[in-house]
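Number of protein chains: 2
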Amino acid sequence: MIKDILYLAKNNDQKSFYLKGWITNNRGNKNIRFIEMNDGSTVENLQLVIKKSPQLDLEQISSYKLGSAIEVRGKLSYTPNQKQIAELEVETLLLVAEADDDFPIQKKETSLEFLRTIPHIRHRTSTLRAATLVRSTISFAIHEFFQSSGFALVASPIITSNDGEGAGETFSIKNEQSSDPFFGKDVNPFLSVTGQLHAEAYALGMQKVYTFAPTFRAENSHTTKHAAEFWMIEPEVSFYELPDLIKLADDMLRFVVDRVLKRNEAEIKFLSEVNNVDLFTRLKKLLVTNLKVLEYREAIKILKKANVDFENKDIKFGTDLATEHERYLAEVYYQGPISIINYPKSFKAFYMYQNDDNETVAAFDLLVPGIGELIGGSQRESRYDKLLNRVKELNIDEQSLQWYLDLRKYGYKASAGFGLGLERLIMYITGMENIRDVLPFPRTPNNLKM
Amino acid sequence: MIKDILYLAKNNDQKSFYLKGWITNNRGNKNIRFIEMNDGSTVENLQLVIKKSPQLDLEQISSYKLGSAIEVRGKLSYTPNQKQIAELEVETLLLVAEADDDFPIQKKETSLEFLRTIPHIRHRTSTLRAATLVRSTISFAIHEFFQSSGFALVASPIITSNDGEGAGETFSIKNEQSSDPFFGKDVNPFLSVTGQLHAEAYALGMQKVYTFAPTFRAENSHTTKHAAEFWMIEPEVSFYELPDLIKLADDMLRFVVDRVLKRNEAEIKFLSEVNNVDLFTRLKKLLVTNLKVLEYREAIKILKKANVDFENKDIKFGTDLATEHERYLAEVYYQGPISIINYPKSFKAFYMYQNDDNETVAAFDLLVPGIGELIGGSQRESRYDKLLNRVKELNIDEQSLQWYLDLRKYGYKASAGFGLGLERLIMYITGMENIRDVLPFPRTPNNLKM
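Listed in order, the protein sequences are those of chains A and B.
One point on numbering: in the UniProt record's numbering, the residue at position 271 of the first sequence is 271, and numbering is uninterrupted.
One point on numbering: in the UniProt record's numbering, the residue at position 167 of the second sequence is 167, and numbering is uninterrupted.
FYI, nobody ran anything at the bench for these hints, they're computed from the structure.
Be aware that a few hints might be false.
Said to hold, decoys possible - 16 angstroms max Cα-Cα, derived EDC-like pairs, lysine to aspartate or glutamate:
| id | chain 1 | residue 1 | chain 2 | residue 2 |
| --- | --- | --- | --- | --- |
| 1 | B | Lys409 | A | Asp101 |
| 2 | A | Lys386 | A | Glu359 |
| 3 | B | Lys174 | A | Glu169 |
So here's chain A without its partners, still in its complex pose:
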């Protein structure tokens, strides 16, 4: 495919290739035409140089429309001094499937907003194609990282009756074709908001596990960072405590960023330009900077001293940091990824390990410039009684969590895990600003296209 050919363009000089793809540009005159062709393997188009000949009818070729499928044979010419590193000197060119005149991706620029109305077509623009390719690389790199580190992938269930976060609005499930509830009369099935509790059960015995699955929130949120359906990666490791977990998150991030830089240089270059962010600096800096770890109490002190007109000025122990605070810490104060640890238990989940100060839990959030929170995780409460008390304090249904409490009875030394929102990571790495543009078919309030 084009990516492979261009990657070794110098070695491929004067070699013959047979390629299939789609026309993204078609210009020239009656003696020579230049068609740009893309085959989906890279954001880069291959320039086809078509000179008039008995086999090549330039007048006919000039009528080939954008979006049409072609099959082409020709010789590669290595052109290191030109804008494109190589071009194909065409010998035969076949139009195999035409695009209608109303093909929505034309030469004139289209807005991301308009493109969201055609999610079945928009990946045929360079921007969405680049984001799609990087998304795929990131997803696979995450699998590579965990698999090579001895983790087993566990399929956390999507339909569940356990609400891991103990809050949040969920989607219920009905089987409408029947009057009998599919899963029985006494259960309330809904779409999972996290696979964490189930992953924790598996970590106890499998030691290192991770999930990679869709999760759901029925929150009526219209921000650029929330979708009703998104993907989460949730590693969970037995015997791990908070510092081990933070190192795991840090190692994973570096691994993924390194892979993207190696595999998607062209896409990152292109996305830097269209999104007006210097992604290479952002990503290479992450690779060479140590992750800063900051106590929540310290973070509060820094924010109090900050000479910034925050919207929420009520900054004290117990304040749940807002995005403005997180971004100040990551972008202004530290200018790089930063991990805040030991949050007040008042606004953190029931299952987090209670520190000896009785006020904080062994949790961390990893913040990055441009996004804010990318990862959130914690060491889990391993002590049965402490966990049960917290469940009661928060009026969480104890009975439905009995299985989860029981885990503490069977060789539960410690366990820790985090949740990574895949789309947030994609946004950080690609510089895309709206989650709707890094999900192929985004689901948001009043929006369920296809």
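We have chain A; now place chain B onto it with these hints.
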């Protein structure tokens, strides 16, 4: 972890190791004890040899219960002539978290049926642990295969309003906390039964894509092969026709099987024993046997001639093959994987490419011994008019599929793809006979545990 140490046991002879894990067996006398320990990395337990010494109180150690978490330091002893390839001569042993007496996994054998009542614990048996590890390897190998073949992973949506199969019972979705339907009043959101239509949109432009996502059926089915929630892998490739697609399926299967044999030898050996199937023969045969391709019309002739008392004896052109027929073809007639092609269009999906005979479609099913259908796929109908006519013939809602029809207008030469049920493949490779034992938390009628 134990897997790494045993893998290179010979090289690790007399080296010191520090390990964490859980006790799976504890026997011996007052001078020597043998604890088997598992750390989740392999089905194999590591035997700890504990000789009486001032640091090791054997009486106390004899009281350590199954399921308890321990941390151990010792020297590896390579023992190629014993049952286990190596054992650890213990220097220090620490009980770090005890298991209660009621830990359900004890030495006496437990039935798979009983284990299904404790999905949060059953992976602590050797059988479920082995199945979990192989499931993880298979999942990653599928990603490896497609990524190394130039495919982009595409997140097909879970919540959808498009019913790709045009039939089947689905789960509807409600946001109960609000009176306003989340996705608007005019849409009927349900859980996806396939990502195929969305993948096809992406293949047109990205060329080679695959999905790896959960899919759902609200069928009140109580067989050993059906679950309400299961995972599907659906590759889709532009420009591919049926023969290209069958080769892709065949290549993928071989790649995955080869990876499992390399990475999970111990698990396959163990599962062969407990499931009473010679998995090595099954899997190695697949690697060396060519996939047999058989016309549906030929299959009908073979079945008619077969001297077998089928339950469904009405075998003629137009008969939808049942599992008994499929298994006869794969197990008795060909004794290996077999691909049946060009089925009657009468019982196949609307989007399949209509062959020139006007009776059949360019579809294939890949059947394997012991399972029956493992993979089903087709070349897609690329001709707008033919597709539209079929949609009308079958009374499928045309309007909701307009976007899908429109794909044919924009450079659609050809496209083909298949669906692989992940759990079926796991069952084939592990010899597990019930889908409930290869899904961590299976969802079936009246069964929604945790």
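Results of checking the hints against the structure:
1. Only pairs whose Cα atoms come within 16 angstroms are accepted, and Lys409(B) paired with Asp101(A) is accepted, the gap being roughly 9 angstroms.
2. Taking the CA atoms of Lys386(A) and Glu359(A), the gap is near 13 angstroms; set against the 16 angstroms cutoff, the hint holds.
3. Between Lys174(B) and Glu169(A) the CA atoms are separated by roughly 11 angstroms; this keeps the pair inside 16 angstroms, and the hint holds.
Of the hints listed earlier, there is not a single one the structure fails to meet.
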